[in-house]
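Same order as they appear, the protein sequences are chains P and W. Taking full-length UniProt numbering, the leading residue of the first sequence gets 1, the next gets one more, and so forth. Taking full-length UniProt numbering, the leading residue of the second sequence gets 1, the next gets one more, and so forth.
Any given hint might turn out to be false.
Claimed, not checked - To spell it out: a stretch of chain W is covered by chain P in this simulated footprint if at least three of its residues, at any positions, have a beta carbon under 8 Å from a beta carbon of chain P; those stretches are:
(1) 65–78
(2) 97–110
(3) 140–152
(4) 234–248
(5) 284–292
(6) 303–313
(7) 394–407
What the hints assert, rightly or not - Here are some, though not all, of the chain P residues that point toward chain W, as calculated from beta-carbon distances under 8 Å:
(8) L12
(9) K72
(10) A73
(11) C76
(12) G127
(13) Y174
(14) C301
(15) F308
Stated by the list, open to error - Straight-line distance between alpha carbons at most 25 Å, and here's what the computed SDA-like set of lysine to any residue pairs gives:
(16) P:K32 to W:V307
(17) P:K97 to W:A41
(18) W:K276 to P:K97
Hint data in this document are derived by calculation from the structure and do not stem from the laboratory. Note that beta-carbon positions come from the ideal geometry of N, C-alpha and C, so glycine has one too.
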Amino acid sequence: MGSLKKNGGAILSRIATNDHHGENSEYFDGWKSYDKDPFHHSRNPCGIIQMGLAENQLCLELIEGWIKDNPKASICTPEGVGQFGDIAIFQDYHGLKEFRQAIAHFMGKARGGRVTFDPERIVMSGGATGANETIMFCLADPGDVFLVPSPYYAAFDRDLRWRTGVEIIPVHCYSSNSFKLTVEAVEWAYKKAQESNKKVKGLILTNPSNPLGTMLDKDTLKNLVRFVTRKNIHLVVDEIYAGTVFAGENFVSVAEVVNNVDSYEVNVDLIHIVYSLSKDMGLPGFRVGIIYSYNDLVVSCARKMSSFGLVSSQTQLMLASMLSDDRFVEIFLTENSRRLKIRHEDYTSGLKKAGITCLTSNAGLFVWMDLRHLLRDRNSFESEIELWHIIIDKVKLNVSPGSSFHCTEPGWFRACFANMDDDTLHAALRRIQAFVSKNHKIVENSSDSDQIVQSNNVKKQKWKQSNLRLSFRRLYEDGLSSPGIMSPRSPLLRT
Amino acid sequence: MGLPLMMERSSNNNNNVVELSRVAVSDTHGEDSPYFAGWKAYDENPYDESHNPSGVIQMGLAENQVSFDLLESYLEKKNPEGSMWGSKGAPGFRENALFQDYHGLKTFRQAMASFMEQIRGGKARFDPDRIVLTAGATAANELLTFILADPNDALLVPTPYYPGFDRDLRWRTGVRIVPIHCDSSNHFQITPEALESAYQTARDANIRVRGVLITNPSNPLGATVQKKVLENLLDFCVRKNIHLVADEIYSGSVFHASEFTSVAEIVEIIDDVTVKERVHIVYSLSKDLGLPGFRVGTIYSYNDNVVRTARRMSSFTLVSSQTQHMLAAMLSDEEFTEKYIRINRERLRRRYETIVEGLKKAGIECLKGNAGLFCWMNLGFLLDKKTKEGELELWDVILKELKLNISPGTSCHCSEFGWFRVCFANMSEKTLEIALTRIHEFMDRRKRF
Chain P
1 MGSLKKNGGA ILSRIATNDH HGENSEYFDG WKSYDKDPFH HSRNPCGIIQ MGLAENQLCL
61 ELIEGWIKDN PKASICTPEG VGQFGDIAIF QDYHGLKEFR QAIAHFMGKA RGGRVTFDPE
121 RIVMSGGATG ANETIMFCLA DPGDVFLVPS PYYAAFDRDL RWRTGVEIIP VHCYSSNSFK
181 LTVEAVEWAY KKAQESNKKV KGLILTNPSN PLGTMLDKDT LKNLVRFVTR KNIHLVVDEI
241 YAGTVFAGEN FVSVAEVVNN VDSYEVNVDL IHIVYSLSKD MGLPGFRVGI IYSYNDLVVS
301 CARKMSSFGL VSSQTQLMLA SMLSDDRFVE IFLTENSRRL KIRHEDYTSG LKKAGITCLT
361 SNAGLFVWMD LRHLLRDRNS FESEIELWHI IIDKVKLNVS PGSSFHCTEP GWFRACFANM
421 DDDTLHAALR RIQAFVSKNH KIVENSSDSD QIVQSNNVKK QKWKQSNLRL SFRRLYEDGL
481 SSPGIMSPRS PLLRT
Chain W
1 MGLPLMMERS SNNNNNVVEL SRVAVSDTHG EDSPYFAGWK AYDENPYDES HNPSGVIQMG
61 LAENQVSFDL LESYLEKKNP EGSMWGSKGA PGFRENALFQ DYHGLKTFRQ AMASFMEQIR
121 GGKARFDPDR IVLTAGATAA NELLTFILAD PNDALLVPTP YYPGFDRDLR WRTGVRIVPI
181 HCDSSNHFQI TPEALESAYQ TARDANIRVR GVLITNPSNP LGATVQKKVL ENLLDFCVRK
241 NIHLVADEIY SGSVFHASEF TSVAEIVEII DDVTVKERVH IVYSLSKDLG LPGFRVGTIY
301 SYNDNVVRTA RRMSSFTLVS SQTQHMLAAM LSDEEFTEKY IRINRERLRR RYETIVEGLK
361 KAGIECLKGN AGLFCWMNLG FLLDKKTKEG ELELWDVILK ELKLNISPGT SCHCSEFGWF
421 RVCFANMSEK TLEIALTRIH EFMDRRKRF
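The shape of chain P in the complex, shown without the other chains (with noise of 0.2 Å):
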């Protein structure tokens, strides 16, 4: 009992007391820096460029359009509003059968028909971040393992840990060979966790890959499969990004695998797949996660679950409308493909102006940019945190440093282009190259950047001392609205 009286107050479970929430990390000084300073083309044209957040907004005005066309899916409109008391009753934790067949439906749309998806293992959930908690939940003890390749999704370690205790461990990609994943680093990480009698339950991973940007290829998906088929353990594939491939690019998702490899070699209990409608539509706060599994057992637990985090049967019913209107779920991905593939080839070739290279890739929102050659000292994370608060406070660009994803190797960064406009990305290709052609290399202005090192750490001591509340949703409760920007927002979303 003495422990409870702690200052007097009920204290809180261990749960909510330890920082595994993630958000206590150094990561969050770029978005500090942004709230406090965020660019607008006419307000603020010096402000930082939000360069941090795996947004898509290239399509979102195809999306109003048919909403607008399209009344009925609406339960406020004169033309929908008889619907209204159905759907505001409607919380069964199947949800709406139209809506699980319109998923079921564009999920195999998007990846170009290679595939059919069973509308009855269709779970719902609160966006992926609330898909990947709860497949934790329905396959790992707290303590139990999951392997994740590296560099991976920052959140994850809030995802997959917070509530459900599990532990993650990752299987290290190496820039020798291109962030590969291969099985032989898998194999290896899971027969250390098992050397130091941890019990592994499974694999998860992004396909295409936060925040590389590429896909695995179909043979190592393959032999993955066989590899967790072998060792008994569950493949869990994030293909939150599977809509964003380029135009021209193939994405084999494991639902083809799962259909291409003999049976003997997989145990389709082991599969499961998280999907979202945040990324390759562009609507996060719709909040659509999906759970698919090809375990009957998991389907039913995961639906129980869902209870704690259903899709609002509003949301369910205008996107079951829209994703069953075949014509414009083809306009939408062909143009969404298409507007993703000329931003990316836009931003890189920007970059080679400026002797960036990034890591090829054809998927996702992002690119992986090499700036190895820009550290003081390529062997160091200081190096690389350094070089980061240089290119907030600088170069006025908010990007993402590579150990904030685990990455094992300094010098790589996440550098977002789908959440602005062109003229946005334009003007930040102009920073970078200026910045480049004025600084050839850091060690050569070492007293400058001994100076923006040393107001670095006073600026994150003033940061840690004050307590600042943040004031993420100022501009966009300001009520302003600018068409190709970003808002701030809160800081540990999908990022």
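With the hints as your guide, set chain W onto chain P.
Only chain W this time, still in chain P's reference frame:
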């Protein structure tokens, strides 16, 4: 290697059945309880006024369908979705679609705060910055439990309680529920003795108690918790240094507003922060507004740490920005909300009176209730044996013979047998009359034997 060639691609992989988690294989989801068995019977043979008039009438679902027309006519006139996008400088569709900030739309939080204040007749104020949004009260209750208690700790919950708590508070959190036993001798109110006894039971079993969780107004009792009892509860929590969670999901469904005391009213007049900081309120639009499909739940806490942590955790269960946007407009229309709250209360009261009088005519008494979407009916006198089995036998008879799905008290962990929860707001008046007729006929038949 090592796998037989003729292995079937199915889950009948008995040699190597892959393990799921302990949480996944437990039955703490609660769906094997009779509470849900009745639903299945209903699903198989649902009553319909014209197509299936002898089907099972669903009286086990606490839904509010009595005031939809008010919502529909509001929407028809105002279209709070489309008309708001892009007009008067309001954020457009694009911004809304991208908005995933776990703080939630400020306009929506303000509208919720104002709505909650209206329900309490202005007797308490709510700060929009203390409102954390979750996808339904289901998520809110689970989330709070994750924050307030560790696995194997306990929350004390007065019986009878909402069957869903077994899942929401315990399943994934690993937290236990220790019941605070209440009985009809004092209308099931929570007594200081019952509180102490529950606390002691936990301590004797070496279980750490982290808080008390009540529903006010109560589900399944359909009655408000008296002010004195609330004050005692808060005292108790202070003495034991534990939390107090009040799920006020039915606060707008109290028939006479003056009869409801929110825990917020009690906290407001307290200056001592260490007292306030242990109080947390859960709310939702699923019952008062009848919008369970939209998944709108909130946590309101007087504890900054809890607000901050809950907000971060809400990432797993945010409210659709499309829904926030629509409801922000609707709920900030104070003329509409005032009218809605008033008419809704009135209609629920009339429904309640209809069912209670109808049951009385059949010789059946109910607990005196003043809120909610259900009544708490006493059929103890019909039981051969006042046991759980006796109660479930009677329940089965009611389901199979009368074709009424009502909820047996044992599914609500009631320690007295023979009580049943009967919902009345999820059907038309005509259906309610038919249900009452079936009960009359049943009671008549019994009298003859």
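Identify every previously stated hint that the structure contradicts and give their numbers, smallest first.
-> 7, 9, 10, 13, 18
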